[in-house]
Amino acid sequence: MIRVFTDFDGPIMNVSERYYRVYQFCLKEIQRPNQPILPMSKAEFWQCKRGRVPEIIIGIRSGLDPSQAEAFAQLRRQTVHTLPYLVHDQPVPGAIDALEKLQEAGVDLAVMTMRRVRELDEAFSRLDLEKFFPPNRRYCLSNDYVKTGDTKDKPLLMAKALKKLPAASDVWMIGDTEA
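Just so you know, we're using the working numbering here: the sequence shown kicks off at 11 and counts up by one.
Keep in mind that the hints were calculated from the coordinates and are not lab data.
What you are looking at is a predicted structure, and each value in this text was computed from that prediction instead of being measured.
Careful, some of the hints might be misleading.
What the hints assert, rightly or not - Using 30 Å as the maximum straight-line C-alpha spacing, the simulated DSS-like pairs for lysine-lysine come out as follows:
| id | residue 1 | residue 2 |
| --- | --- | --- |
| 1 | LYS38 | LYS59 |
| 2 | LYS52 | LYS38 |
| 3 | LYS141 | LYS111 |
Let's have the full structure, built from the sequences with the hints guiding it.
Spelled out as structure tokens, the structure:
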């Protein structure tokens, strides 16, 4: 049996609109009255994200002072995974077709994500993705889990999955980051 673990955000879900809207919201929330700011375009913002520019630097480049930029980064961390913004996530073009083809070929599909249960459940129910990943093939964080960092937390999820799942002849991982 072939098993494919896939990350969720990136390979399956396009999160670009959510992340950009959260950026815009946080910038407006932190901006002082009459303070001129320099909002980035979506393309500029994503160039920074892909270049791994820290949130604080993104805030400073957008016209915030250093203390505001720290508050901006903190507000972003608190906001980015909230349900009002998750609705902006949409499947990556071709992702659903690819999952259907893998499933039809008999591949054992499992999802491994740094989303919390409620965040994954929202997307699964809204987009009818449960059919690809039964509950025992969903590896995500509990709702009360305190994240320490993707490169630290995701290996723990992988170890849990490998311990619980039956052996497979081949195991593949699809992702878009080193985590």
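Numbers of unmet hints, in rising order: Checked against the structure, no hint fails, so every one of them is satisfied.
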